[in-house]
Amino acid sequence: MSNNRHKSIGLTDDQVLSMYETMLLARKIDERMWLLNRAGKIPFVISCQGQEAAQIGAAFALDREHDYIAPYYRDLGVVIAFGMTAKELMLSAFAKAEDPNSGGRQMPSHFGQKKNRIITGSSPVTTQVPHAVGVALAAKMENKQIAAFTTLGEGSSNQGDFHEGLNFAGVHKLPVIVMVENNKYAISVPIEKQLAANVADRAQGYGIQGVTVDGNDPLAVYEVVKEARERAIDGQGPTLIEAITYRFTAHSSDDDDRHYRERSEVDEARKHDAIITFEAYLREAGLMDDEAKNDLHKKLDDIVNEATDYAENAAYAKPESALKYVYEE
Amino acid sequence: MSNNRHKSIGLTDDQVLSMYETMLLARKIDERMWLLNRAGKIPFVISCQGQEAAQIGAAFALDREHDYIAPYYRDLGVVIAFGMTAKELMLSAFAKAEDPNSGGRQMPSHFGQKKNRIITGSSPVTTQVPHAVGVALAAKMENKQIAAFTTLGEGSSNQGDFHEGLNFAGVHKLPVIVMVENNKYAISVPIEKQLAANVADRAQGYGIQGVTVDGNDPLAVYEVVKEARERAIDGQGPTLIEAITYRFTAHSSDDDDRHYRERSEVDEARKHDAIITFEAYLREAGLMDDEAKNDLHKKLDDIVNEATDYAENAAYAKPESALKYVYEE
Amino acid sequence: MPVMSYIQAVNTALKEEMQRDEKVFILGEDVGRKGGVFKATEGLFEEFGDQRVMDTPLAESAIAGVGIGAAMYGMRPVAEMQFADFIMPAVNQIISEAAKIRYRSNNDWDCPITIRAPYGGGVHGALYHSQSVEAIFANQPGLKIVMPSTPYDVKGLLKAAIRDNDPVLFFEHKRAYRLLKGEVPDEDYVLPIGKADVKREGTDITVITYGLCVHFALQAAEKLAEEGIDVHILDLRTVYPLDKEAIIEAAKKTGKVLLVTEDTKEGSVLSEVAAIISEHCLFDLDAPIQRLAGPDIPAMPFAPTMEKFFMVNPDKVEKAMRELAEF
Amino acid sequence: MPVMSYIQAVNTALKEEMQRDEKVFILGEDVGRKGGVFKATEGLFEEFGDQRVMDTPLAESAIAGVGIGAAMYGMRPVAEMQFADFIMPAVNQIISEAAKIRYRSNNDWDCPITIRAPYGGGVHGALYHSQSVEAIFANQPGLKIVMPSTPYDVKGLLKAAIRDNDPVLFFEHKRAYRLLKGEVPDEDYVLPIGKADVKREGTDITVITYGLCVHFALQAAEKLAEEGIDVHILDLRTVYPLDKEAIIEAAKKTGKVLLVTEDTKEGSVLSEVAAIISEHCLFDLDAPIQRLAGPDIPAMPFAPTMEKFFMVNPDKVEKAMRELAEF
Ligand SMILES: Cc1ncc(C[n+]2csc(CCOP(=O)(O)OP(=O)(O)O)c2C)c(N)n1
Ligand SMILES: Cc1ncc(C[n+]2csc(CCOP(=O)(O)OP(=O)(O)O)c2C)c(N)n1
Ligand SMILES: [Mg+2]
Ligand SMILES: [Mg+2]
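Residue numbers (the numbering used here), protein chains in the order written: chain A, 16 to 344; chain B, 16 to 344; chain C, -7 to 319; chain D, -7 to 319.
Just chain A, same shape as in the assembly (with noise of 0.2 Å):
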């Protein structure tokens, strides 16, 4: 990477720190939640891993004070960069009463935050596609300025509201901006049984533009996103893009990988790491240097300590709690 790359996309400095600090907050606290997961005090995790520079690189392309966005499971970066703390994060893994995604009702990242515009999401995967098209088309209606953003995996691609959904967006041009992170699996099966042909190709089949970009380069993205965006807001219509990342863990807290891949395949891609690799591309900007690195980990570190500590002592909602909210009360 050229060590002025981000200047020449309109980053500054601060941003491009801005956007290495929320990669690795993200990927602090998914580690503290296997560990915690590990000792039996956390249920569940399913893990953002491999995949923070293309949410990160995408999340910083948006407005983040009026966009919205519909998240997939593994979009621990992009509802950080929205503005998700890491002890409300603990909260929702803890299950506590106070997790603002769902006061505990729903597993972890299973992600929802009203005040920062990130849409409910559910376990079935997709159904969010044809939500972020609503979105935009209620944008549109209301003559705003803003752009919808939804995530997802390629294996989830598959299913018919994709179709659907990217079809009603392209046939009425709606500013919404649709991201598969294709991390080459959907848990087991890979990716040659899931498609026979790239995601983004997908795109021409809605008459809207399809792009497929490095997900390991946050910056890549973000000019692709930066750009969809740009397409979105000026009524050119919807994108779709593919970003090309990894996943570093296990599906999730229940899976075991190492019966569908080598070991082998894993290592090669951690090689490319984001983490790593944005790291030293800062470094050679001059952004970035032990010292800086140190005081950022420890910054970092603390947050998630005390978000867990918050977070395990929180208290658990009530049972009866549970007949809440079916309807408005």
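Simulated from the structure, these hints should not be mistaken for lab results.
Please note that a few of the clues may not be correct.
From the structure, some residues in chain A lie toward chain B, with a derived Cβ separation under 7 Å [to be verified]:
1. 175
2. 182
3. 221
Covered, in the sense of this in silico footprint (three residues per stretch, anywhere, with C-beta under 8 Å from a C-beta of chain D), are these stretches of chain A [unchecked claim]:
4. 130 to 139
5. 196 to 208
6. 331 to 342
Note that the structure is predicted; figures quoted are calculated from it, not measured.
By construction, the Cβ of each residue, glycine as well, lies at the ideal position given by its N, Cα and C atoms.
Following the hints, position chains B, C and D with the ligands against chain A.
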């Protein structure tokens, strides 16, 4: 059209004449059904008119002794080519007990006849696409040299089942041919409000072959389906064919198309009616003259008259027979 | 008071709500220029334009899903399923999403969508244009299911559905569209979702039903009245969640209960009505709880012989009422 | 007789049926190399290869629809939905297609597909990995819904489902998978679909239930036996269509009926059981028909406090039994 085009693509004189005869029979049955509907004798008609050339061109390119078809409601031409008789079709129009499609249980044009490998169809559109894929999968598992052929409208190509079915077929390279009969309307909704691309452009997203063909030209359709079938049998996977047609009638006997399309548009389309243009081709090829034409019309009119009379006088299913065949008996 | 048909009441309610609140918009197949295959949205495209009366691509999961997204944003979408039978591709969006959005977000988000669909038989619609589909959804907390029986109820309940801050399935009987006429006030009014309505007071037997069958019951009751049998008729109006108090009260009133639906029998929404009664007023009953319903076959056949065999009608209702009265 | 777990019984039945009939094949998400997320298909990929144990793209409507197509052709597909909660995108294929194929073709075509799915709660699965979904389908003639409670029943009923010439939904309780063990004969045997099974003979009260709740009821019954309360337990096994005769017999036997499900209450399959009883044996009852079920909330929450609040358990069953016995 050159007057020996049919020979150059491997069709004999008898075969093209048989194609014409089948097209004309489909048209005549269809027209008769409208008359019967307007006379209050049958409650419902949905038409093939304007799509016969695509249907017959395709059907004749298949192995009509072994291939399976999952037709949609306009495919009168396809099912006749696959062996359903005028009498059987009229029995269905009159909803009589002897109707082989459903014993009078379904509306007309909900085709199904096991002995002719016509897979039973329903009203919800596009569900037949995965079915055809399933048949192709089974055929492949059993090492049968057969193809599964299915059709639908362009509006229906926006359903999730289209995407899911084609993707499945693409991944497993199954011997299935999907022909979209693009007649430019889904009831009242014009194609611009249905898709922002050509239907055939969707093939790429499934890693399969996509072809657009003039659906008014039975020989052109024959050629692409023939080639698709060869590829299918050869293990090269599915083909998506978009046949450009036009719907001459209202959507169905319950529709009045004057609300949403100009008469001039319909008149213009009727000029390309394949019943006329293909007759002209046969005349130029020296295969048809006035006498032959009159004989053919007479022969087909007799068939339609006889079928109508038979069906009109046939019995309805007994009321209590509605209780039969919910489960195996 | 003006007299209008059931479908005019639908049309009027839609129009008035769109005039009242610009966040209300319609999306569905053929709802625009054509005005809907039953003309429920006639004239609205002309009045409100193609953005607020939007012809969508032929894809029900998107119609529901895009509507849900817009509702979460703050709009009030009214999605039309062309026939209730074609709601099936949208089940995931309705059950996994719309029904659970408020709950799963702990009240942070909500989903004020109305999904309208014509249901019911007796129109030569055959297997896939005649079904009653309410039982599929009438076990999903978070949803409300409204099935009005009169033009008056249609207007008041459709307005209530559109203003409701939760998802409402609004099923309209397609045979009622033009068959039923009734007085409908010009004024703006809403009727409460979740409340059943006594359509006839009586003392001898209780009929609990909804939709078109309410009229069959009313007709049959008139006949029985001549014989001195006095029928109490409760119209459920909302079939999910049920109005328990009203059901219990109606059952207790006469001690003899007939439940009527045109849906197939096993597992219909009436099963729950029977369960409520047998849980709460068993000792008030003087006769077993009777059910009159369609036969347990996949759907209504096309041929007139078999369609008639399937459909509930006033004669069948009358017969069942008389038998119960004589019990 | 060998003792095996509930999930081993699933695995054994699949394996034996695949050995017996080469038209049987499995399709679903992660069923191949991974052997299923619960290991139901473990070892089958190795034994039968990737054509007969097929990992599909992540698309439930295609899994069902392609299976249906293959079934119409003459194969015997066993489709897996990874969780019952994810069957929703396939509802159109199941209800509009599988359920109606024989009927709509007047017996010309049939659709011998089995659709397996793990359901049920108590596994920290939260809203979307805990649901009971049977009520959605238990109103669709043409479908059969089997929900076995023991390893023995699993083997016999899964084999019956695969050999059945009509579509069968086969719901397996995911918490039962490893929790429940029992004797399972080595031999090939099938159990009749559509027949309930008396799991305990008793004279004081009748409990009618299915799935994991059968065990809760059996445990509670043991406790009550010490107090001299003798509980009769009927396991529905097939929840659609219901075994009416067995239900009526069981209800009449004691005159006091408790229905138990872990599904939410309103509109569950127990409503129909209550309706059958109140239609056919009202005067044999000595107490109102009681129902113990989950609360009417969209689905089971994740937090242990709320999950426990939702779930039926032996204590809750015991309490309900005792109250009924004392009525
Ligand atoms: C409709 C539905 N079916 C099945 C599942 C179970 N499931 C959860 S994640 C997953 C794989 C998703 O793969 P992909 O879309 O590639 O995303 P990734 O996890 O790789 O990021 C599956 C099958 C689900 N959540 N929803
Ligand atoms: C799932 C579903 N939704 C709606 C309908 C109602 N419907 C019947 S045909 C039709 C239009 C189909 O258009 P297209 O696919 O272009 O086929 P065409 O009739 O033009 O040949 C619609 C909306 C249906 N049959 N199925
Ligand atoms: Mg993936
Ligand atoms: Mg069309």
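To see whether the hints hold, each was checked on the structure:
no., hint, verdict
1, 175, "holds (2 Å)"
2, 182, "holds (5 Å)"
3, 221, "holds (6 Å)"
4, 130 to 139, "holds (count 3)"
5, 196 to 208, "holds (count 5)"
6, 331 to 342, "holds (count 9)"
Hint compliance for this structure: every hint is met.
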